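Colleague: Going line by line, the protein sequences match chains H and P. With our numbering as the guide, the letters of the first sequence map in order to residues 1 to 245. With our numbering as the guide, the letters of the second sequence map in order to residues 1001 to 1689.
Note that these hints are calculated values from the structure, not bench results. A quick note: this is a predicted structure, and the numbers were derived from the prediction, not measured. You may find that some hints are simply not true.
[Stated by the list, open to error] DSS-like mimics (lysine-lysine), calculated; alpha carbons at most 25 Å apart, straight line:
| hint | chain 1 | residue 1 | chain 2 | residue 2 |
| --- | --- | --- | --- | --- |
| 1 | H | Lys15 | P | Lys1015 |
| 2 | H | Lys45 | P | Lys1038 |
| 3 | H | Lys115 | H | Lys209 |
| 4 | P | Lys1038 | H | Lys46 |
| 5 | P | Lys1197 | P | Lys1287 |
[Stated by the list, open to error] Negatives, chain H to chain P, calculated, CB over 10 Å:
| hint | residue |
| --- | --- |
| 6 | Asp43 |
| 7 | Ile74 |
| 8 | Asp81 |
| 9 | Asp92 |
| 10 | Val97 |
| 11 | Cys138 |
| 12 | Met170 |
| 13 | Ser171 |
| 14 | Leu174 |
| 15 | Leu206 |
| 16 | Ser218 |
| 17 | Ile225 |
Just so you know, even glycine gets a beta-carbon here, dropped at the ideal spot from N, CA and C.
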Amino acid sequence: MREEHGNVAPIMISKGEDPGDVRTDVPYQLITILGNIYPWMTDGKKIAVVTRKCDEKALAEFFKRGYFDRSRVIQIGLACDKEQIGKCRCRDPVPSVVDIGEQQVALGTDALSDKLLEMSSEERLRFWEYQFRKCNKCFACTANCPVCFCDECVLEERTFVPEKGVPPGMSFHLIRAYHLSDKCIECGECERSCPAGIPLLTFRKLVAKDFREMYGFSPGDEKTISPLLTTLEGEPLDGDECDEC
Amino acid sequence: MRVSPWTEMSAMNVKHVLTTCPYCGTGCNFYLQVVEDKLIGVVPCKTDEISRGQLCIKGYNAHAFVQHPDRLKTPLVREHGELRQVSWDDALDRLAKEIARIKEKYGPDSIAFLASAKCTNEENYLFQKLARAAVHTNNVDHCARLCHASTVTGLLYSFGSGAMTNTIPEFGDADLILVTGSNTLEAHPIIGSHMLKALDAGARIVVVDPRDTPLSRLAHIRMSQNPGSDIAWINGMIKVIIDEGLADEEFIRTRTTDFDKLKGVVKEYTLEKVESIAGVKGEDLAKAARLYANAEKAMIAYAMGVTQHSNGTDIVMALANLAMVTGHLGKESTGLNPLRGQCNVQGACDAGGLPNLFPGYQRVDDEQARTRFEQAWGVKLPGSPGLTLTCAVNEAAVGKLKAMIVFGENIMVSDPDLTHVEDALKELELLAVVDIFPTETTKLAHIVLPAACYAEKDGTFTSTDRAVRLLRRAVNPPGEAMPDWRIACELAKRLGAKGFDFSSPAEVMDEMAKLTPIYGGIDHERIDREMIRWPCPTKDHKGTRILHAQKFTKGLGTFAPVHHSPPAESPSEEYPFILTTGRNLFQYHTGTMTRRSPKLERQAPEPYAEINKADAKGLGISEGDRIIVSSRRGSIALRARVTERIIPGAVFIPFHYSEAAANWLTNAALDPVSKIPELKVCAARIQKG
Chain H
1 MREEHGNVAP
11 IMISKGEDPG
21 DVRTDVPYQL
31 ITILGNIYPW
41 MTDGKKIAVV
51 TRKCDEKALA
61 EFFKRGYFDR
71 SRVIQIGLAC
81 DKEQIGKCRC
91 RDPVPSVVDI
101 GEQQVALGTD
111 ALSDKLLEMS
121 SEERLRFWEY
131 QFRKCNKCFA
141 CTANCPVCFC
151 DECVLEERTF
161 VPEKGVPPGM
171 SFHLIRAYHL
181 SDKCIECGEC
191 ERSCPAGIPL
201 LTFRKLVAKD
211 FREMYGFSPG
221 DEKTISPLLT
231 TLEGEPLDGD
241 ECDEC
Chain P
1001 MRVSPWTEMS
1011 AMNVKHVLTT
1021 CPYCGTGCNF
1031 YLQVVEDKLI
1041 GVVPCKTDEI
1051 SRGQLCIKGY
1061 NAHAFVQHPD
1071 RLKTPLVREH
1081 GELRQVSWDD
1091 ALDRLAKEIA
1101 RIKEKYGPDS
1111 IAFLASAKCT
1121 NEENYLFQKL
1131 ARAAVHTNNV
1141 DHCARLCHAS
1151 TVTGLLYSFG
1161 SGAMTNTIPE
1171 FGDADLILVT
1181 GSNTLEAHPI
1191 IGSHMLKALD
1201 AGARIVVVDP
1211 RDTPLSRLAH
1221 IRMSQNPGSD
1231 IAWINGMIKV
1241 IIDEGLADEE
1251 FIRTRTTDFD
1261 KLKGVVKEYT
1271 LEKVESIAGV
1281 KGEDLAKAAR
1291 LYANAEKAMI
1301 AYAMGVTQHS
1311 NGTDIVMALA
1321 NLAMVTGHLG
1331 KESTGLNPLR
1341 GQCNVQGACD
1351 AGGLPNLFPG
1361 YQRVDDEQAR
1371 TRFEQAWGVK
1381 LPGSPGLTLT
1391 CAVNEAAVGK
1401 LKAMIVFGEN
1411 IMVSDPDLTH
1421 VEDALKELEL
1431 LAVVDIFPTE
1441 TTKLAHIVLP
1451 AACYAEKDGT
1461 FTSTDRAVRL
1471 LRRAVNPPGE
1481 AMPDWRIACE
1491 LAKRLGAKGF
1501 DFSSPAEVMD
1511 EMAKLTPIYG
1521 GIDHERIDRE
1531 MIRWPCPTKD
1541 HKGTRILHAQ
1551 KFTKGLGTFA
1561 PVHHSPPAES
1571 PSEEYPFILT
1581 TGRNLFQYHT
1591 GTMTRRSPKL
1601 ERQAPEPYAE
1611 INKADAKGLG
1621 ISEGDRIIVS
1631 SRRGSIALRA
1641 RVTERIIPGA
1651 VFIPFHYSEA
1661 AANWLTNAAL
1671 DPVSKIPELK
1681 VCAARIQKG
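Just need the whole structure built from these sequences, with the hints factored in.
Modeller: Right, here's the structure in full:
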């Protein structure tokens, strides 16, 4: 990122070019931006990208699925500052190699998650119903999400998300939650870019918590395989076999 | 994709170009993603004060139509009924020759120019200069006539300035927001998002609208008035405020005049009377009045639901009365805010694309102002106001107007009573259209010129909150298309006019700023770095966030005693429904851009009419049925959407769809002051198709 026109802009420069007034304090989602540009970058050149820890995890999800050629992407590790860690309620802020910034401690909790978990399920439902009623179907949560890379988006298909008007139904948000359950790296870009102020990062954190507790799985590691893809592979299922058929 | 010029030494050229959104008047800035000369996407600008890194679905798809294969790429001239490709020189020479011939034969006032709310300030400045200085007519107008003409006339009378009194981000800090005649979340989504921020922070929201909108469903008080009954409920609210001692007497005494006249008028608007006219519950109205009057920071937002009436000017003045009675003006997050609907409709008005006003709202019939422009431009200028867009169409229909030069408007979809518009345009000896796509209007044109779109040129748009925002060229125009400012200059030169030797939009802005006091301190270099809202009279002035802070632009605010009057057309036995028109979230205006953007078109691909469940049942109509909606002027076939989002007796049709354009039905009855047509109310009939 750099300062220009009185704003902070994402930029891409060639080798040897002066980067100008570099800024790293404005959280542009560079992996999403790279994801948009990558298919058009047909010159085969290497691309270096400033990566926070969450970005590093997002790249792992791309590499794992073969969407990016690992040898073309060079990571420049950025350690987020305290303020950003606070905004993201981030559990895991330090990149594997810190090239820019100083490493800071993680935050253990998300206050809103805790508050929601103390509510009854009816109260919790009411909370989310109010939040989702504000949704204006801008698709920012998908457009800006680094790991939202299905070839065809079911949210743009009329079975679950009819085209008539706004807000879309609850299914819009639940489908997204499910689709990202084994990919979301908690970068918070959906929440930052939501014009309705829906606390989408908290929504993701709650799903991630379940995934951790139920499957011992967290997205963002190139070596682990999503539990959503493994159930029918490998060892036979434990327990009694069905003897009704 | 163009062949990339990259070599071993240089990587592919990837740019993020900061520019201003071409859709509604919010003025969101974003980055266009460009690889080589190909537009591939949109990235929101996180540090932009207005959009804060957020956009609506139209913003995210603002790149999608730019490089569409349908773009007009060469000048076209009609010969033997067919449009034929010609060179720029040929097309411009013919156009200039035709204008000269018609001017010679019928006089300059037989020619009208339509400026464009889709073009930049610089271009609109040139369009009106072209009309006034090169052709010697004040016949220059644009689609503001169809949207906020009554705001300009109404608020000029009440306050002295017809623009938003506050800025968009201030909605986020208001305690109470009263929204009427604005489907804010669909038509101005990012302004809506600032309202949602206030809502989340505990603000109260009151929505008055005949339709249930995404915002009204979140509102604390929601009232559905009968279309065309606005003055009744507004006067009723004012009466409650006065009766209950909630008026701001100090403000009324020191800042306004004619309060007694208002008091005399509103006293007959009892809650019972209002209920009988407007159909809103007296109890709700009284509650809303108290909430509004007692709020510390209260904002009113309104749009077409207020302005597009045959008494639109009066309704706007009634809202101004409401704000003045409570003193809710001139302070942070406190004011009266018309939400302008096009990316540069504010600027097209500011730049003088109006038949009675020079740039900066200086009257053409004011001799002092005229002399200033005559001296600057070195020509004698006509002193009487020209024809409005709506009147120009009427004059064309009776053969008085002979030529129309249209810069970027699609009047064959956007204007009321299209049968009448079509007849009128066919009478013209010359119809020239400058546009980016073929449209229903270019189909009737004798000369069609291809223009560059927002992503292909420099210039400025002025957002609805008066911020002058830069467009920055991101890609090349297709084929031979040229920016409108160049086309206007080339045409003016061919008409023998002097003062059109501009080499960039920045130079045009420098000239405009010299002649437009509210833009006096604005130049491209300044606004490249800082956000400036007019009035900005000098280079060291920082611009103005809040209007009317110490005093009104005109000195004292004026209360206008206005009465309810029924719409021009009321339901009858033959036409028992009230038709009201508007936008939806996914399409934009006549659809030339959004309908060529796949993700937007997917969301709202075909024309529809919203009708109330009970009415549908009575007519035997179910969801998705083909129906025919007719008025005294025409019929269209489309699908029914059966809903409870509209009050019984009313039908809503979005006006985006040329295959079933709502404007075949609408009524061209005009507000006598502003000449805005009554697009929001006409009598209609619904039949099963």
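Colleague: If a hint holds in the structure, say so; if it doesn't, say that too.
Modeller: Hints, one by one, checked against the model:
1. H/Lys15 x P/Lys1015: With Cα atoms ~15 Å apart, H/Lys15 and P/Lys1015 stay inside 25 Å; holds.
2. H/Lys45 x P/Lys1038: holds, 19 Å
3. H/Lys115 x H/Lys209: holds, 15 Å
4. P/Lys1038 x H/Lys46: Distance of about 21 Å is within 25 Å: holds.
5. P/Lys1197 x P/Lys1287: Distance of about 23 Å is within 25 Å: holds.
6. Asp43: violated, 5 Å
7. Ile74: For H/Ile74, whose nearest Cβ neighbour in chain P is about 13 Å away, the distance exceeds 10 Å, so it holds.
8. Asp81: holds, 16 Å
9. Asp92: holds, 23 Å
10. Val97: Holds, because the least Cβ-Cβ distance between H/Val97 and chain P comes to about 24 Å, which exceeds 10 Å.
11. Cys138: violated, 5 Å
12. Met170: holds, 15 Å
13. Ser171: holds, 16 Å
14. Leu174: holds, 20 Å
15. Leu206: Fine: 19 Å to the nearest Cβ keeps H/Leu206 off the interface.
16. Ser218: Answer for H/Ser218: holds, closest chain P Cβ roughly 27 Å.
17. Ile225: holds, 31 Å
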